[in-house]
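Chains as they are written, first to last, in my numbering: chain A, 1 to 292; chain B, 1001 to 1455.
No lab work stands behind these hints: they were computed from the structure. Careful, some of the hints might be misleading.
Said to hold, decoys possible - Chain A regions said to be covered by chain B (calculated; three or more residues, Cβ under 8 Å):
#1 54 to 66
#2 69 to 78
As the list claims (entries may be wrong) - What the simulated footprint calls covered on chain A by chain B, stretch by stretch (three residues with Cβ under 8 Å from a Cβ of chain B suffice, anywhere in the stretch; the number is not a length):
#3 93 to 102
#4 135 to 141
Unchecked claim - Incomplete in silico selection of chain B near chain A, CB under 10 Å:
#5 Lys1002
#6 Ala1005
#7 Thr1087
#8 Arg1227
Ideal Cβ placement from N, Cα and C applies to all residues, glycine included.
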Amino acid sequence: MSVPYAAARRLGKAFYGKTVLEDVSFSVEPGDIVGVLGKNGAGKTTLLELMLGFSPPTAGTVEVFGHPSFRLPGAEKARLGFVPQQDELVNQLTAADQIGVIASFYPRWDDELVNALSRTWEVDLRERIKGMSVGQRQKLSILLALGHRPDLLILDEPVASLDPVARRQFLEQIIDVAADGRRAVVFSSHIVSDVERLANKIWIVKDHRLYWQGDFDSLKDSIVRLHIRSARALPDALAVPNALSSQRNGSTATVVVRDWSVELHGELAARLAAEVEVEPLTLEDIFLELHR
Amino acid sequence: MKAVARLMLAYFTGTRLLAVVTAIGVVCVAGGTSALLYLPPLVAQNGLPSRFTLAQETAITMLPVAGMLCVVFGASLMPAMLTRLATSHYTHLLPYGRAKLLASALCTVALVSAVASATASLYYLRTPIPIGLVFERAFTVSLLTYTLLYIVLWFMGRSRSIGKLVGLAAAIAALALPLRFFAVPSMSLVGPWIACALLWAALAAGFLSAPRIAPVAARLKHSFVERFGAASYRGGGREIDFMLGTANPWPLALGQVVPLLIAAYFLRGYVPVGFAPNEAAPHPWLFFVTILSVVSGAMTSVAATRSRALWLRGHWTREELFARVERAFWASACFPLGVLFVALVAIGSYLAMPTKALAFGLGFVSVGTALSTYLGLLITAAVGWRLAVLAVATMLALMVASMYVATPATPWTTIVALEAGLAATALVFRQLAARRWRHLDWMLCRPDSTTRAAA
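Using the sequences plus the hints, can you model the full thing?
Okay, structure coming up:
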């Protein structure tokens, strides 16, 4: 069996006694496109930075390409790409010089890909970085992360500064990156529609834990909104198992539940003597319901 | 190796200005070297018959030195670029990134030192002194000096005042060490080599083990803060001071004591080159105090950027804003200036500085602060080449003038004229700054521009 690109077991991180992440376990396999969702301060960036080995975990382990991420050998780093939230470019250089400097660190660098993408994304390589707009700088950061064709690409809110056209182009590029099934992408974003469109796996970080992980279809099947209609008044306490939120209005009620199943549907309809209609939720609705 | 070479290329040619300066430097060094090697001996200054005029001989002689200075300046992007890359995620992510960055810095300093030493050795080609010996001596001193010089540039690029003070301490050492070395030509090379090795070993250890040291240091800091409490704010409490960063001048004022003591240590028993022990030579103490006087004033370089918030909150016109900012910085600069006055007189007396120089030195140090204060206030946009040239020229004038003021033979009328001239220049700068502030455009002086200027 092949080694997963990244794997964590009971991973935790605390700063000065304050827990930022706890009990996180996951695995990233080739071909995975993982979208990481979570509110501000939930621990998304910490999770990604632990994967990248920027800081040692305070509990559990996280391995990248079979090595502890904090002690990742130099040669393995060539298989890793990263786009940070805020670019870290050298203002004084031109885009071409910045690319030249970063490219020189890698044994393989795909000039053709970088040139093609810079043309598509309208990044002028002759321009000095200090004169570039925030969006242009972000595009350049992404180019720098893609140039060596990394096996594992990690992106921390990469599209926040991009216009809709550039965002769409970027998403298409990410799909291309992962299309051959040999690469994996992990990206965090607040734009839920992007995650919905792109990811084949979703991680939801909530209260410093990996609250949910799996593919989008399982998530949609698991978290649903129930519309309950009865001929008589419903009881005050509906006692719906795994309810995330509920709203009752006489003989009707709306309940959002997680871990939904057909068996629960039958049991609930019988117990309340009511008609139960199941409404699938969009990812955005699910995210909002989870953080209500 | 490829990455190290590419980084070095970027250090020397990263910006258009540096690329031009480096190219000029290389041409001058190569041309000057060829001229000195292959043209007939330059002997006019000794009164011997020469095929060149004195002016031509001087130009040929100075060509390699000018080239060498250009090469040194050409690599001045290194500290800023190294800082940017070293403090970014790139050091973690790039394969062997940390080691390659460090190697590029060492190679750059070694290259610059080699150019400087080769240039210095040129002048001994037609003397009986073995050329290898001259090169070795020059290389050792250059390596140490340029290491310190680039450390200075690196620390000066840091935004925190403690970084500026460490930079100053290194600047003082960089300036004082060669003075001492050349003042005592018989001094052994072992000391500078050990100093170089220790400096680079410390840099390498700190740089390479930073990922492991950082969490430990953060933990220690946290436990220290938990035990003794966080550093509390002790400023005056005025909003303008909070925003400009002038509320607490004491760290800078007292922090100056460290570089002052370093300089005083190196200058004990110093005799300038070419002067007999009892001959009236310029006393270097005023020179070092002048360097420090410039720092407290130079803090105004961030004033324009920081004043944006005041514009929104203070309901002042741009003219009123300038007046208030100027007042706030002067009120803050009085503290470090007071410490410098005490140090100038106390340590100057200990170092046997002439009384006349001490007395005029007080005025001179004040003028130094005034000049740098208004130069800083002139920065209302990214620093262009005009302002850069003006700043360098002013600082050079200040340094040279400090040596004149500290020379016992200089008549007091000349000193008064010098100080009056510099004070008038400060007033001109003030007028220019006031005019710039009347049209202050905060879109041109965003925080990132200031960072670039500092770098």
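- Which hints from the list above does the structure break, by number from lowest to highest? 4, 8
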